[in-house]
Amino acid sequence: MAKPQTGAREISFGQAINEALAEEMRRDPTVFIIGEDVAEAGTPFKVLSGLVKEFGPARVIDSPISEAGIAGIGVGAAMTGMRPVVDIMFGDFLTLTMDQLVNQAAKIHYMSGGKLKVPLVLRTTLGAARRSAAQHSQSLHAWVSHIPGLKVAVPATPYDAKGLLKSSIRDDNPVVFFEDKMMYQLKGPVPQEEYTIPFGVADVKRAGNDITLVATSSMVQVALAAAEALLESGISAEVVDVRTTVPLDKQTLIESAKKTSRAIVIDEGYEGYGVTAEIASVIADGAFYYLDAPVRRIGAMDVPVPFSPVLEDQTVPTPEKVAEVARRLCGK
Amino acid sequence: MAQSKKTKSPSAARAPVHDERWLHFYRQMLKIRLFEEEVNQLYLGAKMPGLAHLYIGEEAVAVGVCEALRRDDYITSTHRGHGHCIAKGAAADKMFAELLGKEAGYCRGKGGSMHIADQDTGNLGANAIVGGSAGIATGAAMSAKMRGSDQVAICFFGDGALGQGLLYEAMNMASLWKLPVIYVCENNQYNEYTHYRETTAGEVTARAHAFGIRTEAIDGQDVKIVHAAAVNAVESARRGAGPSFLLCSTYRFHGHHVGDIDRAYYRAKAEEEEWKTRRDPIMLLAAWLQKNKMADDKALQAIEHALSTEIKSAVEFALNAKYPEANEVNQHVYA
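Sequence lines, in order, name chains A and B.
Here the numbering used here is used: the first sequence runs in plain steps of one and ends on residue 332.
Here the numbering used here is used: the second sequence runs in plain steps of one and ends on residue 667.
Note that these hints are calculated values from the structure, not bench results.
Note that the structure is a prediction, hence the values are computed from the model and not measured.
Every residue, glycine too, gets a C-beta built ideally from N, C-alpha and C.
One or more of the hints may lead you astray.
A partial selection of chain B residues facing chain A, derived with a Cβ cut-off under 7 Å [claimed, not checked]:
| hint | residue |
| --- | --- |
| 1 | Ala449 |
| 2 | Ala549 |
| 3 | Ala667 |
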């Protein structure tokens, strides 16, 4: 699909989400939103502002604080002709929806021998550094990426967010869609014209020759900043944005690593048993004979996210840390 | 009586059409019983893999409720779900095939006993997570309302599900938004191997009452009573008056699953005998039919004979059916 033209209008990541929902709700009367404070409040992040005005409270539904309940209602509505978009305010609250996601939504198509479908989108957030402490800062996309039957999107730009969310809503499978709350204000080019972005297609956000930086969600922005800094050390870094962890575009990652011979995987989920581990193994398997160094992983520290800014800032990958690891890998 | 709306007098209640209706109820209940007895045999004969949770003893609930529904109404079911399936209109041969993991089964052998779903009869699937379908049934009801259809959704669950929080989240929203859903609690007295009184504080009906939900506690062994209550609840849901909660007192004649043989440590033999000999829903209906001269021994025997033949041939079909091809294993993961 066409990439955004330079000179196209710029909107924020949050506006891109809002536009995607509005366009899909106009296009398809079966699409509706349900969640806590999604209507008049437009969510605490104001991402849904104005939608209730256009579509009314019957399609932008304020729910009780019942994450499991709204996830379950979403599954049932999705099985019977609707396309619900369930809003789970913080990714940390995914824990409350897990049975409905993992045992119900993900398995219903398979368990029914392909007869029933669950076209459900569950939007939620990830990302630390907002001084929100351990229960409002986690990036739990690895949890759902682990479950066959779920698709998982981790967009890094307004353009990708809009195109992927539109695809998510049109998908006949349950999709968990992660938005980094620190990116809602991030601006980027988004064309006025209609477009969608398919799942399972990674995007080379910056071409380079010496090392591949594979990243997800806001870590793509971190990788891009690191790549810029690495120029000073004479290192040309390629930044690959996976865009969807499930399905994962293994080919693009492997091809990039074959070209550069070195790779670092950057993700904001916990490093242990995390997304970085899966992607690193894909690269190690697929590009083994081309690699000049072991694939390195940089995830969030394996600690509950602390409140104190001086502590929290140590836990997440930074451009400085990525650049430092890259220099070492490149022997510079 | 359930048909009372169309019935002008007691004598009209015994009109031939009416008799046929109750005989149909009898047939459906007996079909479930014979199906389950066959499942027991398959399991004991090591012909059925996995687990089997028999519905024997609870037949009046599934039949009484499902006979109040249209084909396009929804149900969600439980791990003890064969009865709901049959009552909603599923065919025994495809059910047996599913239980044996065969390709001809309702789910191509991928679901098994605890996951039969049949879109054509509105069966959104049995669920092996206790209380796991409370959200799904409520969501189906919400969908029906949003689409402007007048379908209703039934959420079948057992007394064990009363311990699950999801049920209360769903009931709260159903009541708030007047969703056409009916929560049917089959209180068979035992959460697996533990009497529900040991796990359930307060009065069960008070829980539904607290949400402002129309609530009835009924004898789940009398199909006429179950049906009458279901008809009222369905009518109320269809006209937009919101959800109902039916607490049906019933009994699981067998163990939690087929292998649960030594049960004396959690329930007395005398208690089981009492229910089996005095509270069997099929015997109760048979006695009522005979007392009211709607059927004699011979007629009931003829029904049983026909059903036995049907069940035997359904089992034969399943035993002879082929397993799915090995390459099916990774099909249907994604739509």
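(request) Give me the numbers of the hints this structure contradicts, sorted from smallest to largest. (result) Failing hint: just 2.
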